[in-house]
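Student: Sequence:
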Amino acid sequence: MNVTIAQLAESHFEQLRAVLDAVAREQRYLALFEAPPTQEAFAFYRKLLADGQCHVALQDTSVVGWCDIQPAFGQARKHVGILGMGLLPAFRGRGIGTELLSAAVATAWARGLTRIELTVRDDNANAKRLYERLGFLSEGVHKQSMLVAGQHHDCYSMALLRAHAA
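Once you know that position 140 of the sequence shown is 161 in our numbering, the rest is easy, because the numbers rise by one and skip nothing.
Derived by calculation from the structure, the hints in this document are not laboratory data. One or more of the hints may lead you astray.
Claimed, not checked - Distance windows between CB atoms, simulated:
1) ALA131 - HIS174: 28 to 36 angstroms
2) GLN36 - ARG115: 18 to 26 angstroms
3) HIS173 - ALA131: 32 to 40 angstroms
4) VAL162 - ALA93: 14 to 22 angstroms
Said to hold, decoys possible - Straight-line alpha carbon distances no greater than 27 angstroms define the calculated BS3-like cross-link-like pairs of lysine-lysine that follow:
5) LYS149 - LYS99
6) LYS164 - LYS149
7) LYS68 - LYS99
Computed from a predicted structure; not experimentally measured. Glycine is no exception: its CB is placed at the ideal position from the N, C-alpha and C atoms.
Based on the sequences and whatever the hints tell you, model everything.
Tutor: Dropping the structure here:
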C-alpha cells in the first residue's frame, strides 16, 4: 500500500469527513463521538485550507488520515498552533503518523508558529510515544477531562517549542 502525504485540497473534504467520523466513532482518541454535520465540517476544512495547516495521508487518492494545526485563539497566542490528527486503524503503526506530523510541524514552523500544543488521552500510549519521539514534552495532566461511556479519562497536555525542536 503506497501512502503519500499531501496538503489538504477541497477534493479531499468528503473523504476527510468520513475518516474523521470513523476515528471519532472509536471513542478512544478524539473529543468528538462523530463527525460534525457536513456543512460545519466543510466550513472548518475551508479555514484549514486557507491557513495551509492541514495535511492528509493518501493511499492512492483515498484519504486515510490527517494532521491539522489550527491557529490558537487570541492575539497573545498567535504564535501557537493546536494539533489534531487521526488515522484509520489499518494505517496505524506503520510510520504514517510520523510522516503526517513531521509535515504539519514543518509547515507550522514555516508559517511562523513557535509553539504547538495538543492533548492526548492517558490511555493512548502509542500517540504519546509518537509525540515524544518528535520532541513534544508533557506539560501536565488534565484530570477527568474526558467522559466517554460513563468513564472519566485524564489527558496529558503536551507541547513542542520551535526553539527546542530537533
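Student: Now, for every hint given, state plainly whether the structure supports it.
Tutor: Hint check results:
| no. | hint | in the structure |
| --- | --- | --- |
| 1 | ALA131 - HIS174: 28 to 36 angstroms | 34 angstroms, holds |
| 2 | GLN36 - ARG115: 18 to 26 angstroms | 19 angstroms, holds |
| 3 | HIS173 - ALA131: 32 to 40 angstroms | 38 angstroms, holds |
| 4 | VAL162 - ALA93: 14 to 22 angstroms | 20 angstroms, holds |
| 5 | LYS149 - LYS99 | 25 angstroms, holds |
| 6 | LYS164 - LYS149 | 16 angstroms, holds |
| 7 | LYS68 - LYS99 | 16 angstroms, holds |
Violated hints: none; the structure is consistent with every hint.
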